[in-house]
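Please arrange chain B on chain A, whose structure you already have, making use of the hints.
Protein chains: 2
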Amino acid sequence: MGRWEPDARGRLAQAAMELYIERGFEQATVAEIARRAGLTERTFFRHFTDKREVLFAGSSSLEELLVETVAKAPPNLSPMDAAAAGLEAAGTLLQERRAFARQRQAVIAANPDLQERELIKLASLAAALARTLRVRGAGDTAADLVAEVSIAVFRIAFQNWVDDASQRDLPQLIRESLQELKAVTSGV
Amino acid sequence: MGRWEPDARGRLAQAAMELYIERGFEQATVAEIARRAGLTERTFFRHFTDKREVLFAGSSSLEELLVETVAKAPPNLSPMDAAAAGLEAAGTLLQERRAFARQRQAVIAANPDLQERELIKLASLAAALARTLRVRGAGDTAADLVAEVSIAVFRIAFQNWVDDASQRDLPQLIRESLQELKAVTSGV
Chain A
16 MGRWEPDARG RLAQAAMELY IERGFEQATV AEIARRAGLT ERTFFRHFTD KREVLFAGSS
76 SLEELLVETV AKAPPNLSPM DAAAAGLEAA GTLLQERRAF ARQRQAVIAA NPDLQERELI
136 KLASLAAALA RTLRVRGAGD TAADLVAEVS IAVFRIAFQN WVDDASQRDL PQLIRESLQE
196 LKAVTSGV
Chain B
16 MGRWEPDARG RLAQAAMELY IERGFEQATV AEIARRAGLT ERTFFRHFTD KREVLFAGSS
76 SLEELLVETV AKAPPNLSPM DAAAAGLEAA GTLLQERRAF ARQRQAVIAA NPDLQERELI
136 KLASLAAALA RTLRVRGAGD TAADLVAEVS IAVFRIAFQN WVDDASQRDL PQLIRESLQE
196 LKAVTSGV
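First to last, the sequence lines map onto chains A and B. Heads up: the first sequence begins at 16 in the working numbering, then just goes up one per residue. Heads up: the second sequence begins at 16 in the working numbering, then just goes up one per residue.
No lab work stands behind these hints, which were simulated from the structure alone. Don't be surprised by glycine CBs; every beta carbon is placed ideally from N, CA and C. Honestly, I wouldn't trust all of these hints.
Far from chain A, by Cβ distances over 10 Å, these chain B residues were calculated [claimed, not checked]:
{"no.": "1", "residue": "D22"}
{"no.": "2", "residue": "E33"}
{"no.": "3", "residue": "E41"}
{"no.": "4", "residue": "L80"}
{"no.": "5", "residue": "A121"}
{"no.": "6", "residue": "N175"}
In silico BS3-like cross-links for lysine-lysine, where the CA-CA straight-line distance does not exceed 25 Å [claimed, not checked]:
{"no.": "7", "chain 1": "B", "residue 1": "K197", "chain 2": "B", "residue 2": "K87"}
{"no.": "8", "chain 1": "B", "residue 1": "K66", "chain 2": "B", "residue 2": "K136"}
{"no.": "9", "chain 1": "A", "residue 1": "K136", "chain 2": "B", "residue 2": "K87"}
{"no.": "10", "chain 1": "B", "residue 1": "K136", "chain 2": "B", "residue 2": "K87"}
{"no.": "11", "chain 1": "A", "residue 1": "K66", "chain 2": "A", "residue 2": "K136"}
{"no.": "12", "chain 1": "B", "residue 1": "K66", "chain 2": "A", "residue 2": "K197"}
Looking at chain A on its own, in the form it has when it is part of the complex (with noise of 0.2 Å):
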């Protein structure tokens, strides 16, 4: 963002990222996270409203990415085939950004309130997602369940790529979690 500074965002984010696990979320402050990156306070204001910011700006981005190739998806793909090609979309973005999404993982892990958060900008990916299987032609009940299904497939694989030490790429857990998904569901 903005040519004055071309990676003035990703160094903030770094050094926050780092402070926070340092010192904990609460302790560490803007003026800090800026020394850190070799940046003024008001850079830090350019580029992220506040210290939460810089763990959820990607949300937004990661939403758009969702929904979009979820609207593009062939429209002979079923609700769910259509949200999990989103959902793989979705993963490979976050694959290159591993260390980054254990760091906030971790972050996120120790504070109560960015765990509710959190959780807020899950439910409203998945209604987002909802909203956009409607627009496909699914009905309500089904674009509501794939959407959250969808939503809990990808926090599990989430979850199990962010612990794991195998190593297994993000979007191979997901297409693993929605097998799993299938076997357990098959027998309802």
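What follows is chain B alone, placed relative to chain A:
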């Protein structure tokens, strides 16, 4: 609760709900709630920690019933079928409290803080269900998936029940959502 005022709790809950709907959750005071119920503020605080507790006190008994039903379900049931038995028990309990459940939903829908609280309660319900499924022998990912998916089914059936003009009962709507879940995931 308490031998001294056999239905004080119920009267307080009903008075609170009426005031939350008439005046909004934020505006209603404990003094007004107690007055409308013909009781004292002290009695209110013997039954509820605060105004919000009136809306969420039922979550604990719902969680308890869900978890106990799943824990005691026949050991040969699959995780999804055991969870379905728990959902049906929870649905049967709520079915008896339809008027209260509908009012409660309207109050929560009007207030973002209460919506957040509800999301947190549902996440805690999913976590409790996942733990119970693990104790029954489900693998980690299967337990998480079944738990998340079950709570999604429950939420959607509950929302349809609250919105529904057709007066279908909640356990029936839960069964229908489970069938639809099977249908939407079978093509994965």
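Hint check results:
no., hint, in the structure
1, D22, "holds (35 Å)"
2, E33, "holds (28 Å)"
3, E41, "holds (19 Å)"
4, L80, "holds (21 Å)"
5, A121, "holds (19 Å)"
6, N175, "violated (7 Å)"
7, K197/B / K87/B, "holds (24 Å)"
8, K66/B / K136/B, "holds (16 Å)"
9, K136/A / K87/B, "violated (35 Å)"
10, K136/B / K87/B, "holds (23 Å)"
11, K66/A / K136/A, "holds (16 Å)"
12, K66/B / K197/A, "violated (42 Å)"
Hints 6, 9, 12 from the list above are not met by this structure, while the remaining hints are.
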